[in-house]
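Number of protein chains: 2
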Amino acid sequence: MIARGAGEGIWALAIHGGAGAARREADAEARAAEIRAVLAAVLDAGARLLSAGGTALDAVEEAVVRLEDSPLFNAGRGAVLNERREAELDASIMDGTSLEAGAVAAVRTVKNPIRLARLVLERSPHVFVAGDGAEGFADRHGLERVDPAYFVTERRMRDLEDARRSGRNDRAAPTGGETGTVGAVALDVHGNLAAATSTGGLTNKSVGRVGDSAVIGAGTFASNASCAVSCTGHGEIFIRATAARDVAALMEYAGLDVETAAARVIHERVAGLGGEGGLIAVDRRGRVAFAFNTDVMLRGAVTHASAPFVGIDRAT
Amino acid sequence: MIARGAGEGIWALAIHGGAGAARREADAEARAAEIRAVLAAVLDAGARLLSAGGTALDAVEEAVVRLEDSPLFNAGRGAVLNERREAELDASIMDGTSLEAGAVAAVRTVKNPIRLARLVLERSPHVFVAGDGAEGFADRHGLERVDPAYFVTERRMRDLEDARRSGRNDRAAPTGGETGTVGAVALDVHGNLAAATSTGGLTNKSVGRVGDSAVIGAGTFASNASCAVSCTGHGEIFIRATAARDVAALMEYAGLDVETAAARVIHERVAGLGGEGGLIAVDRRGRVAFAFNTDVMLRGAVTHASAPFVGIDRAT
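Residue numbers (this note's numbering), protein chains in the order written: chain X, 161 to 476; chain Z, 161 to 476.
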C-alpha cells in the first residue's frame, strides 16, 4: 500500500537491474521470482519515501543501495569479477535541480559505491574520482568499507570461468545473461528529478576499465529541464553515444517526449553502433519510459497514480 | 607556406592551450611570444599533414603530442601537480566517422597520454581506462614511459606552493593563470572530423580526480553528424554540462550553426553553472568556432582557405 504524502504532489520512481540475454538456467524460474521480490521491495520503500515528501536524490540513492546490497545484481555485493578476480565498482548520481553530480570508478572496498558517489556530490570539490583516490575520500568521510571478498559470489566466479573458457577476454561484450547494472530515476513532489547508476561492469574486464555507469552523460544524467535517465548495457557504446544525455538533449533541443527520446537513443543511436542494452527515464510530469533492445530488462516503476509494476522480459 | 594536397579538398585544424585569467608576471611578454611560436609550429605541422591528405584523427593526435611535449602547457611535460606533488594526466580522443573513442585518466608514467588514448581507441575492447590499468595497457603495447619527474617543472612547483598558501586545497577552482589544458579539432579532406584533449587537471587536485578531458561528451566529442569539440576550463562544470556533446547536440537536434552552438554552451550552459573556460569546434564545412568566457584562451586555427591564426586574449 502506498501512502499519499504531499497529497496533491505527483511523484514517480523507476528502477532497473540490468538488461541482456535471457539466462537459460535450471533455476531460472526461482531466480526470476527472487528478482521480482527484490524489485517490488525497492519500489515499495521508494514509494514510501517519495509519497512522504522525500527528495528524488534520496530516493534514487536508497533504491540503488538496496540493489547493491542484493547479490542478485551486478552492483555492490554480487558484482561481476574482472581479469584479476576482483570486483571493481563504478557508480554515479546526478541531481536534476542543480546539475550537481558525483561519480566514482574502480572502487574496490566501499560497500555501497552509490553512497560514495553521493558523498562526492555533496562534499568533494570534484565531480569524478577514481581508484585509490576515491577510497581515500571514502576513508576520510567514514563511509563503510568491506573486504574485497564481500563482493564476490559463487555465481560470479562461475561467470568468470565461463567467460575465460569461451575466450571472451579480448571482447568487451557482456557475458551471457543480464549484465545486471542497477539504476534508479525519480521525480519528487517538489518537482525535482534525479538519477543514479551502479555496476561491476563487464565480466573479465581489464583492471581500471571505466564503464558508462561512472560517466555523467553516458550512464547517468538528470536535468529538471528534461528528464532523469539511468542506462545499462554495453558500456563502451553508451559512452560513445553519450546515451543518457542524448535522451535529455532530444527532449530539450528537439522537443521529443520522454518515451520517443528513450526509444530513439536505444533503437537508433545505441543499436546503430552495435550496442545492446536499455535505459529508464522519467520526466517532470512523472511519465516513465523504458527502452531496451535485449531479451530482458529487469525493471520496475511506481508513481503517485499507478500501482507498482515489475517486469523482466517483453511479456513483462 | 601551406602546400595544397588533395587540391579540391577542404580541411581545417583548430587548437587550444587552455583558457583562464591573464597571468600578471614579469616575464609575461616573453612567455606570450613563446606560446605563440609553439602554437604556430603546431598549426604548421598540422596543415602539412591535412593538406597532404592525412586524417583528422592523426592530425589531432599529433597536434596534442606537440602541445604535451611543450612545458608551457598543462599537459604532458609541464602539467600541474596534484596534492601529492605528482602529475596525474587525463586525455581522450574521438573519431567523428565511427564515433570510436579512447580515454585515459590518472596516468602517471606515460609520456604522451594522448597516444595512450589513441591506443585505447585502436586496440582495447574498452573505451575508458584509468590508473594502473591504463599504465599496464601502455606497457603491453610498448608505449614510451617516463619517470614521473619528467612531467614536473619548476613553474608548476611554484603554482602548487601558491595554491597551498592561498588555501585552495578545498576548492576545485583553477589557480590563477590559464589552466592550460590542450586540445585539437580537425576536419580532413575526406570529410571526417576528430577531436582530442589532454590535461594535468587542476593544481593541488585530489589523487584520482578525473576531469572533463578524460570524459567523452564533456571535454571531447566528435561526430561527422555535427562537429568536433575540445574544451578547457573548470572541468567539474564541463562534466555536469556535458559541454562537448552539447555543442554537437545543439547542431544535430536544434539546427544551430557551430558558432552559435559553441557560444551558447560557454556563455549560457557553462557560465550558468558558474563555470569558466572555453572550447574550440569545427564543423564539416571547415568552419572553426572559438568560445571562452575567460580573459584569455590560447588558441589557433588554420584551414585550406585561411592562413594560420594564433590568439591569446580577446584582442588576440
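Bear in mind the hints are in silico, worked out from the structure with no lab data behind them. Warning: the hint list may mix true and false statements.
Partial pick of chain X residues on the chain Z-facing surface, computed with a CB cut under 10 Å [said to hold, decoys possible]:
no. : residue
1   : Val264
2   : Val306
3   : Leu362
4   : Arg400
5   : Ala475
C-beta: ideal position from N, C-alpha, C; glycine also.
Handout entry: In rising order, the numbers of the hints this structure does not comply with
Key = As far as the earlier hints go, 2, 5 are violated by this structure, in ascending order.
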